[in-house]
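> The two chains are supplied separately, each in an independent frame; assemble them into the complex guided by the hints.
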Amino acid sequence: MTLQSRYLPNNTPCFIANMSNNQSISTATWTVLHIDNVVYDSHNGFDTDNYKYIVQEEGIYLITGVGWMGEYLAMGDAMYIVVNVNASNVAQSYWYIYSAGYPSLNASCFYSLVPDDYILMKGYHNYGSDRAFGGTYTQLMAFRIA
Amino acid sequence: MTNQTEYHLGRPTAFYVYRTSSNQDISPSTWTTLQFDYAKINYNNCYDTSTYLFTAKISGIYLFISEVWPLEKITASRVWNNLIWGQSGSVNSFSYFMDHPDATFTIRATLMCRMEIGQTAYNQVYHNNDVARQIRNSYLSRFMGYLI
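Protein sequence lines correspond, in order, to chains A and B.
Residue numbering for the first sequence follows the numbering used here, beginning at 2 and increasing consecutively.
Residue numbering for the second sequence follows the numbering used here, beginning at 93 and increasing consecutively.
Pulled out of the complex, with its shape left as it was, chain B reads as follows (with noise of 0.2 Å):
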């Protein structure tokens, strides 16, 4: 039996996870990655809530969905990007908001790839606000993927 067959026999890969430590902090200009600090669902413990990297214990094609909640506005003209990284960081997908002029919302990112025994997923945001912003905590931020 392979490791690949053994990790699925019955058993699903999926995660949910969000933070339950304070919101975090987001310094400007940086490519931040978050970090979800909770496993709500965390099949085969392919997330791990330390590193927030999520690593694929079996090949196929995953679809991983991110909706995190600025908690601050920022100043008009400023973005917010959300982004989901595949395959250790060769894909992505990439949401953008430019607030105009005072705004924000929850920022949605949905990414779909094929995944190897090994590659990572992670979740980016950047805001280039003037000073740091933070992204909201418990299930009003949030990160999952499943293998289809």
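Bound-form chain A, shown alone (with noise of 0.2 Å):
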């Protein structure tokens, strides 16, 4: 056994998973983002009835969530996205709008998980009505780094 087979890390389990389609979410109100589309999974951990990673090995990871407004907020409105462990924050990002346009935000950590654990990523914005994020951009991701 070589090195580093041993003791380095290959990055998994590791995953990338995406919203298939936009999602509309009533204004001022945190909700759960429907990541429903796995680009990769090395671990086949992903839920995608519940829209959440479910930790299948020990490990740090490094965790990031990607949220995009796919309609248009205006001057004065928040956007903000939160990645969530077994449902405690531990990433947050946001955006104040200074003109209409569609944001994009990243959240990334790095955090301590074990088997059953999960991660999902919430949404919000004060839009005054509802806003849709975007399907495809909006995606929840992880890999272990040791």
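Source of the hints: derived by calculation from the structure; they are not laboratory data.
Positions of the beta carbon are idealized from the N, C-alpha and C atoms, including for glycine.
Don't take each hint at face value.
[To be verified] One-sided and incomplete, this derived list gives chain B residues near chain A with beta-carbon spacing under 8 Å:
{"hint": "1", "residue": "TYR135"}
{"hint": "2", "residue": "TRP161"}
{"hint": "3", "residue": "LEU163"}
{"hint": "4", "residue": "ARG234"}
Here's what the structure looks like:
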């Protein structure tokens, strides 16, 4: 057995998933984003029915959520995304809109995970009525770094 | 066994830090090192929560990510910058945001660079608002890195 195979991480488990369609979100309501399209999942941990990744192996993971507004927000509106682990917020980002637009946000962190922990992402806006997070470019991903 | 091998065997180099004390004041027009005083993850004690420096104990390619949340808006046409320094201040990666006219958002910077043993990395921000502004504490502003 080589040093590399015994001791160096190979960056798995790893998954990349996104929203297959736009998802309408009520104003001022934190909502689980419907990440339902698995692009890659090395250990078959993604639960597309419940939009969350179930951790399969212990380790330190780099987790990144990307949220994109598929419908414009107006000046003065805010947009947030938050990554959840076991219902706790672990990384959050926001955008206070300066002119009508379609912002995109990243939220990343390292986190120590054990089997059966779960990861999901929530989104929020305060447009004043329903607005949709955009499909394809709203993504959740993670890989083990240690 | 070299120090490098000793550090590496079964023990990764990774850190993830943020600030547990109050929001950090940032003076105008002053590059300011972010004072992340809490290490959620800190293998090999590579990040010092009193000097706010990461110090490489293993040579290699590192990925650093910073995401910082300015608490308050700044005046139109003024800027926020988020900067990660690597190689003890020899290389950097930089993100820039100009308020237009009255907004703010989480500013992300990413740096990938080679680090030799003993070299440091750290995270600075800058704004040129008329008066001081703050960076939010807790996990809302964060700095992380690992040996890839």
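> Against each hint, give a clear statement of whether it holds in the structure.
Quick rundown of the hints versus the structure:
1. TYR135: Holds, because the Cβ-Cβ distance from B:TYR135 to chain A comes to roughly 7 Å (cut-off 8 Å).
2. TRP161: 7 Å, holds
3. LEU163: 11 Å, violated
4. ARG234: This hint holds: B:ARG234 lies near chain A, its Cβ roughly 6 Å from the closest one there, short of 8 Å.
The structure shown violates just one earlier hint, number 3.
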